[in-house]
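First to last, the protein sequences are chains A and B.
Quick note: the first sequence uses the numbering used here, first residue 1, plus one each step.
Quick note: the second sequence uses the numbering used here, first residue 117, plus one each step.
It should be emphasised that the hints constitute simulated quantities derived from the structure, not laboratory data.
This structure is a prediction, so every number in the text was calculated from the model and none was measured.
Yeah, the Cβ is synthetic: ideal placement off N, Cα and C, and Gly gets one too.
Hints may be right or wrong, so weigh each one.
What the hints assert, rightly or not - Calculated pairs, SDA-like style, for lysine to any residue (alpha carbon to alpha carbon, straight line, at most 20 Å):
1) A:Lys16 to A:Arg111
2) B:Lys140 to A:Ser53
3) A:Lys3 to B:Arg157
4) A:Lys3 to B:Asp172
5) B:Lys217 to A:Arg111
6) A:Lys3 to A:Gln108
7) B:Lys217 to B:Ile142
8) A:Lys38 to B:Ile121
9) B:Lys217 to A:Phe106
10) B:Lys217 to A:Ser53
11) B:Lys217 to A:Glu56
12) B:Lys217 to A:Asp29
13) A:Lys38 to B:Ser182
14) B:Lys217 to A:Ser12
15) A:Lys38 to B:Thr129
16) B:Lys194 to B:Leu212
17) B:Lys217 to A:Val46
18) A:Lys3 to B:Thr154
19) A:Lys38 to A:Ser12
20) A:Lys38 to B:Gln153
21) B:Lys217 to A:Val24
22) A:Lys38 to B:Lys217
23) B:Lys140 to B:Ser182
24) B:Lys194 to B:Ala118
25) B:Lys217 to A:Thr27
26) B:Lys217 to A:Ser73
27) A:Lys38 to B:Lys194
28) A:Lys16 to A:Ser65
29) A:Lys3 to B:Leu162
30) A:Lys3 to B:Ala188
31) A:Lys70 to A:Ile60
32) B:Lys184 to B:Lys217
33) B:Lys217 to A:Lys16
34) B:Lys140 to A:Phe54
35) A:Lys3 to B:Met156
To be verified - Partial list, computed: chain A residues near chain B (C-beta under 8 Å):
36) Glu44
37) Asn52
38) Phe91
39) Glu96
40) Gly109
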Amino acid sequence: AQKVTQAQTEISVVEKEDVTLDCVYETRDTTYYLFWYKQPPSGELVFLIRRNSFDEQNEISGRYSWNFQKSTSSFNFTITASQVVDSAVYFCALSEAIQGAQKLVFGQGTRLTINP
Amino acid sequence: DAGVIQSPRHEVTEMGQEVTLRCKPISGHNSLFWYRQTMMRGLELLIYFNNNVPIDDSGMPEDRFSAKMPNASFSTLKIQPSEPRDSAVYFCASSLRPSPKETQYFGPGTRLLVL
Numbered sequence: 001a002q003k004v005t006q007a008q009t010e011i012s013v014v015e016k017e018d019v020t021l022d023c024v025y026e027t028r029d030t031t032y033y034l035f036w037y038k039q040p041p042s043g044e045l046v047f048l049i050r051r052n053s054f055d056e057q058n059e060i061s062g063r064y065s066w067n068f069q070k071s072t073s074s075f076n077f078t079i080t081a082s083q084v085v086d087s088a089v090y091f092c093a094l095s096e097a098i099q100g101a102q103k104l105v106f107g108q109g110t111r112l113t114i115n116p
Numbered sequence: 117d118a119g120v121i122q123s124p125r126h127e128v129t130e131m132g133q134e135v136t137l138r139c140k141p142i143s144g145h146n147s148l149f150w151y152r153q154t155m156m157r158g159l160e161l162l163i164y165f166n167n168n169v170p171i172d173d174s175g176m177p178e179d180r181f182s183a184k185m186p187n188a189s190f191s192t193l194k195i196q197p198s199e200p201r202d203s204a205v206y207f208c209a210s211s212l213r214p215s216p217k218e219t220q221y222f223g224p225g226t227r228l229l230v231l
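With the rest of the complex left out, here is chain A (with noise of 0.2 Å):
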């Protein structure tokens, strides 16, 4: 079965440190997809990043950088410079199919707190 483990449960820093996300998967396909979701105070869900198995590039969104590991079955998060605004539950999750649609695992997220 497919399985994301996302081992901090929180983390606390200051203002303008720089922090990274942890986020390890299981999965028996070849292909598949990974994703990053931002759960802030308000509740909602916001979709940050997806990446497939075939691409190992690193990402960088302004703050925001996913380093993608296939050999470690790792899709870590990094924010630089944190800000208050950061402050949120991030969730990791992985795509596999079910009958040709999308199937979303998620991991239990990490609540980060961003201290000014």
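Put chain B on the given structure of chain A with help from the hints.
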């Protein structure tokens, strides 16, 4: 463009009452998903539809839960009768196509409290 719309945003009801949650997917999206989020179990997929047809409802906890999608722009999740353990946040999500590579976009959720 409007995102996924859910109503109500908050629902408080008493045990035994019927609860109906509503969802309007993003226009043009052909796949719709219902999730439940609790502290104990995290985010769980309850059911999903492709082109208005239920494909997999294995995540539906029991017969008290039912979901329908009468057309491409509307879906309901019904709990009858409701129980306190149903208290959770229920999310609806939609994606463009029934493909593992498609991104699911989530609605704001319905926070349900059953007393």
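Hints versus structure:
Straight-line distance between C-alpha atoms of Lys16 of chain A and Arg111 of chain A comes to about 17 Å, which keeps the hinted pair within the 20 Å bound. Pair hint Lys140 of chain B plus Ser53 of chain A does not hold up; C-alpha atoms about 31 Å apart against a cutoff of 20 Å. With a CA separation close to 14 Å, the supplied pair Lys3 of chain A and Arg157 of chain B stays within the 20 Å bound. Among the hinted pairs, Lys3 of chain A with Asp172 of chain B is consistent with the structure: their alpha-carbon atoms are about 19 Å apart, no more than 20 Å.
Restraint check for Lys217 of chain B and Arg111 of chain A: the C-alpha separation of about 26 Å exceeds 20 Å, so the hint is violated. Between the alpha carbons of Lys3 of chain A and Gln108 of chain A the distance comes to roughly 10 Å, so the proposed pair stays at or under 20 Å and holds. Our distance criterion of 20 Å between C-alpha atoms is met by Lys217 of chain B and Ile142 of chain B, whose separation comes to about 17 Å. Among the hinted pairs, Lys38 of chain A with Ile121 of chain B is consistent with the structure: their alpha-carbon atoms are about 18 Å apart, no more than 20 Å.
A C-alpha spacing of about 15 Å is found between Lys217 of chain B and Phe106 of chain A, which places the hinted pair at or below 20 Å, so the restraint holds. Proposed proximity of Lys217 of chain B and Ser53 of chain A is supported: the alpha carbons are some 10 Å apart, at most 20 Å. The hinted pair formed by Lys217 of chain B and Glu56 of chain A meets the criterion: a straight-line CA distance of about 16 Å does not exceed 20 Å. At most 20 Å may separate the alpha-carbon atoms for a hinted pair to count; Lys217 of chain B and Asp29 of chain A meet this at roughly 13 Å.
Straight-line distance between C-alpha atoms of Lys38 of chain A and Ser182 of chain B comes to about 28 Å, which puts the hinted pair past the 20 Å bound. Taking the CA atoms of Lys217 of chain B and Ser12 of chain A, the gap is about 32 Å. The hint is violated against a cut of 20 Å. The straight-line distance between the Cα atoms of Lys38 of chain A and Thr129 of chain B is roughly 29 Å, outside the 20 Å bound, and the hint therefore fails. A C-alpha spacing of about 24 Å is found between Lys194 of chain B and Leu212 of chain B, which places the hinted pair above 20 Å, so the restraint is violated.
Distance check on the hinted pair: Lys217 of chain B and Val46 of chain A sit about 17 Å apart at the alpha-carbon level, within 20 Å; holds. For a cut-off of 20 Å, the pair hint linking Lys3 of chain A to Thr154 of chain B stands: about 18 Å separates their Cα positions. Among the hinted pairs, Lys38 of chain A with Ser12 of chain A is consistent with the structure: their alpha-carbon atoms are about 16 Å apart, no more than 20 Å. For the suggested pair Lys38 of chain A and Gln153 of chain B, the alpha carbons sit about 14 Å apart, so the restraint of at most 20 Å is met.
The suggested pairing of Lys217 of chain B with Val24 of chain A holds, with an alpha-carbon distance near 19 Å, which does not exceed 20 Å. Using a Cα cut-off of 20 Å, the hinted pair Lys38 of chain A and Lys217 of chain B holds, with the two alpha carbons roughly 19 Å apart. A threshold of 20 Å between alpha carbons decides the hint, and for Lys140 of chain B with Ser182 of chain B the separation of about 17 Å falls inside it, so the pair holds. Restraint check: the Cα-Cα separation between Lys194 of chain B and Ala118 of chain B comes to about 24 Å, which exceeds 20 Å; the hinted pair is violated.
Straight-line distance between C-alpha atoms of Lys217 of chain B and Thr27 of chain A comes to about 15 Å, which keeps the hinted pair within the 20 Å bound. Proximity of Lys217 of chain B to Ser73 of chain A is assessed by CA-CA distance (about 18 Å); at most 20 Å being required, the pair is judged to hold. Distance restraint check for Lys38 of chain A and Lys194 of chain B: the Cα-Cα separation of roughly 27 Å exceeds the 20 Å cut-off, and the hinted pair is therefore not satisfied. Between Lys16 of chain A and Ser65 of chain A, the direct Cα distance comes to roughly 15 Å. Compliance with the 20 Å bound is thereby established for this hinted pair.
For the suggested pair Lys3 of chain A and Leu162 of chain B, the alpha carbons sit about 17 Å apart, so the restraint of at most 20 Å is met. Proximity of Lys3 of chain A to Ala188 of chain B is assessed by CA-CA distance (about 31 Å); at most 20 Å being required, the pair is judged violated. In summary, the hint linking Lys70 of chain A to Ile60 of chain A is supported, as the alpha carbons are separated by about 18 Å, within the 20 Å threshold. With a C-alpha separation of about 25 Å, the suggested pairing of Lys184 of chain B with Lys217 of chain B is violated against the 20 Å cut-off.
For a cut-off of 20 Å, the pair hint linking Lys217 of chain B to Lys16 of chain A is broken: about 34 Å separates their Cα positions. Straight-line distance between C-alpha atoms of Lys140 of chain B and Phe54 of chain A comes to about 33 Å, which puts the hinted pair past the 20 Å bound. Our distance criterion of 20 Å between C-alpha atoms is met by Lys3 of chain A and Met156 of chain B, whose separation comes to about 17 Å. Given hint, Glu44 of chain A at the interface with chain B, holds; its Cβ is 5 Å from that chain's nearest Cβ, closer than 8 Å.
This hint holds: Asn52 of chain A has a C-beta 6 Å from the nearest C-beta of chain B, less than the 8 Å allowed. The beta carbon of Phe91 of chain A is positioned within 8 Å of a beta carbon in chain B (closest approach about 7 Å), and the interface hint is therefore held. Interface restraint check for Glu96 of chain A: the shortest CB-CB distance to chain B comes to about 7 Å, inside 8 Å, so the restraint holds. Interface hint at Gly109 of chain A: satisfied, since its Cβ lies 7 Å from the closest Cβ of chain B, which is below the 8 Å cut-off.
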